[in-house]
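Model the placement of chain B on the given structure of chain A, informed by the hints.
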Amino acid sequence: MTAPAIEVRGLTKSFGGRRVVDDVTLNVARGEIAGFLGPNGSGKTTTIRLMCGLLTPDAGAGRVLGHDIRREGRAIKREVGYMTQRFSFYEDLTIEENLRFVAGLYDLRPARAVVRDTLADLGLTSRRDQLAGSLSGGWKQRLALAACLMHKPKLLLLDEPTAGVDPKARREFWDEIHARAGDGLTVLVSTHYMDEAERCHRINYIAYGRLVARGSVTEVVRDAGLTTLMMQGAAVHAAAKRLTGMPGVEQVAPFGNTLHVVGSDAALLQRSASAVAQETGCTLSPAETSLEDVFIRLMSQSQDNMS
Amino acid sequence: MIRLLSLIRLFALLRKEAIQMRRDKLTFGMMLGLPLVQLMLFGFAINTDPKALPAALVAPTEDRFTRAMVSALELTGYYRFTYPNASTAEAEALIARGAVSFVVTVPSDFGRRVERGDHPQILIEADATDPSVASGAVSTLSTVATQALQRETGTTPTPEAEAAQLSVIVHKRYNPEGITQYNIVPGLLGVILQLTMVMMTSMALTRETERGTMENLLSMPATPLEIMLGKVLPYLCVGAVQVAVVLAAAKAIFGVPFVGALWLILLGVLVFVLALVILGYLISTLSRTQMQAMQLTFFFFLPSLLLSGFMFPYRGMPAWAQALGEVFPLTHFLRLIRGVMLKGAGPADVAGPLWALALFVVVLSGAALLRFRRTLD
Chain A
1 MTAPAIEVRG LTKSFGGRRV VDDVTLNVAR GEIAGFLGPN GSGKTTTIRL MCGLLTPDAG
61 AGRVLGHDIR REGRAIKREV GYMTQRFSFY EDLTIEENLR FVAGLYDLRP ARAVVRDTLA
121 DLGLTSRRDQ LAGSLSGGWK QRLALAACLM HKPKLLLLDE PTAGVDPKAR REFWDEIHAR
181 AGDGLTVLVS THYMDEAERC HRINYIAYGR LVARGSVTEV VRDAGLTTLM MQGAAVHAAA
241 KRLTGMPGVE QVAPFGNTLH VVGSDAALLQ RSASAVAQET GCTLSPAETS LEDVFIRLMS
301 QSQDNMS
Chain B
1 MIRLLSLIRL FALLRKEAIQ MRRDKLTFGM MLGLPLVQLM LFGFAINTDP KALPAALVAP
61 TEDRFTRAMV SALELTGYYR FTYPNASTAE AEALIARGAV SFVVTVPSDF GRRVERGDHP
121 QILIEADATD PSVASGAVST LSTVATQALQ RETGTTPTPE AEAAQLSVIV HKRYNPEGIT
181 QYNIVPGLLG VILQLTMVMM TSMALTRETE RGTMENLLSM PATPLEIMLG KVLPYLCVGA
241 VQVAVVLAAA KAIFGVPFVG ALWLILLGVL VFVLALVILG YLISTLSRTQ MQAMQLTFFF
301 FLPSLLLSGF MFPYRGMPAW AQALGEVFPL THFLRLIRGV MLKGAGPADV AGPLWALALF
361 VVVLSGAALL RFRRTLD
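Just so you know, the protein sequences line up as chains A and B, in that order. Just so you know, we're using our numbering here: the first sequence kicks off at 1 and counts up by one. Just so you know, we're using our numbering here: the second sequence kicks off at 1 and counts up by one.
Looking at chain A on its own, in the form it has when it is part of the complex:
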């Protein structure tokens, strides 16, 4: 019973000679909301599909909810709710018909009552006769979530669930996820929104098929060992131009009227930044390193490793 929700080692998968997932090891404890981050095409979707039995790994093994991912795919399917990246319910069926269909596939009884409760639970009752194809992004997402939760899974795999959803619906979606996690549901959610990453208990960062960082948000930021300075003033644009390519300066990113200057060698960064600050008449102050700064750094690092 106390087996971790996800424990997979060395997962590898290639498509047409290209390694899409390369030696990924992932552990997710029960009741945890784990963030799964990485740029587009980094292998997040493939890793999720490997874990729910939709794809067979070329190498590696592991267990999901205590079931072997290679042999017990059917048992995993019963206990896992998987929400695909693309809306994958029937657009020519209404919300209620879609849920009835899912209830039938999971053999949930009494189907009518289960569907009614799910509709009420996720606030879909008023729209139950609407065709899924005519719903907005937020409502589609809600329907997909309802369908994934209806059979009371122990693990929820969400693949970029909030793409194309407005901020209010996103907020509601996350509140829902947190409420469920409070009741003991384990959630693995892939995203590339930083604010969503910060809502997770732990994050796993994958780039070019490899897992490159993991831990809580604070841990990941701390482990990156980056120093960030903030520059303010009228001439930030000129400063940005000057800073690019100077020793110790790894990232220069404008945020409104301020400039974030990031580097891993604190002393070198400080020297370069001070010089430019004096030259352009800007003020320089220390700042918090953000998760985004870390990710940009991780991405460029992995790119270096690849070439």
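Take the hints with a grain of salt, since some may be wrong.
If we take Cβ atoms under 7 Å as the criterion, some of the chain A residues that face chain B in the derived model are [stated by the list, open to error]: (1) 77; (2) 79; (3) 82; (4) 84; (5) 88; (6) 101; (7) 105; (8) 107; (9) 208; (10) 210.
One side only, chain A facing chain B, incomplete, derived with CB under 7 Å [what the hints assert, rightly or not]: (11) 52; (12) 78; (13) 86; (14) 92; (15) 93; (16) 97; (17) 104; (18) 268.
Keep in mind the hints are simulated off the structure, nothing from the lab. Just so it is clear, CB atoms sit at the ideal spot from N, CA and C, and this is done for glycine as well.
Below, chain B alone, put in the same frame as chain A:
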């Protein structure tokens, strides 16, 4: 707990499919409208034994023998003398530009030769650029000519005898009047079923792949057998409706005789439709998009149309083409349906094609289940 086939899950799949069919009005309408439109077009338009073809007559001497010959030819129904008084040169020009299909030349010494019993000859030139145009008309010719002459030279035959002689002229068994529709309409049932069943089934499953719903379906506990039955059964019902429509039209509109047993026809149709639907399912496991599924369907459809014996006589093809024709379910179905409907063949007579169709079902469903990707690999 998880069985290979759960009726609850199967029912959920069937119900979903039924709702989708009902919502997709255009496709649904096509499934019912297509058979009717095709039936009307093919049934009325295709005629492999064309009659009343334009002909020119070159007859310098107008005697009773010539007149007898001409009227005998006209009575066959194949010839319509649009140019009854042509000269040799005119006739040559007419046939060259396609204004007539035949030129009938009765030589000036024809009457004399008949009376002397000195090998009378007439010349029929047929435009054989389309062989099927000429074949029927030419094949009836010698009998017609001999009989017409016998009548003129011998005693005047009774009207009964004349009618009997005319019926002998057309050497076509089971279809004495050579009505193409008798041959075409039962075959058309096979062609319509083949087109709609294979295409609809293959596209219905590929649509799931294309729209991403297959990923969802696979991540839920449905077995390949359930998914296959969930797709196959609804289209089997659509096929049943099409069969009813076509058979009713065959009877009511075209008056095609139902010589054989109806249950045998229906049994044959059932096995055939099953083979088609499973073939469509197999195609859908091979293609990733609906476009590919459609292309594969047509890749299969055209040769089977040409080689099955629907369009061209099966026995007229070279041996290798006949062998190739055997791999299409349509070939076997045509033998079965034409045998039962037109010749009144019994179960023993059509056991061959029936077993062949059953073999298709077994082999195709085995292949489809093997090909079906339980995973997305």
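Each hint, compared with the structure:
1. 77: holds, 5 Å
2. 79: At about 10 Å, which exceeds the 7 Å cut-off, the nearest Cβ of chain B leaves the hint on residue 79/A violated.
3. 82: Holds, about 4 Å.
4. 84: Because about 5 Å separates residue 84/A from the closest Cβ in chain B, which is inside the 7 Å limit, the hint holds.
5. 88: holds, 4 Å
6. 101: Nearest chain B Cβ about 5 Å off; hint holds.
7. 105: holds, 5 Å
8. 107: This interface hint holds because 5 Å falls under the 7 Å limit.
9. 208: Since chain B brings no Cβ nearer than about 21 Å to residue 208/A, farther than 7 Å, the hint is violated.
10. 210: Because about 21 Å separates residue 210/A from the closest Cβ in chain B, which is outside the 7 Å limit, the hint is violated.
11. 52: holds, 6 Å
12. 78: holds, 5 Å
13. 86: holds, 4 Å
14. 92: holds, 4 Å
15. 93: holds, 6 Å
16. 97: holds, 6 Å
17. 104: holds, 2 Å
18. 268: violated, 48 Å
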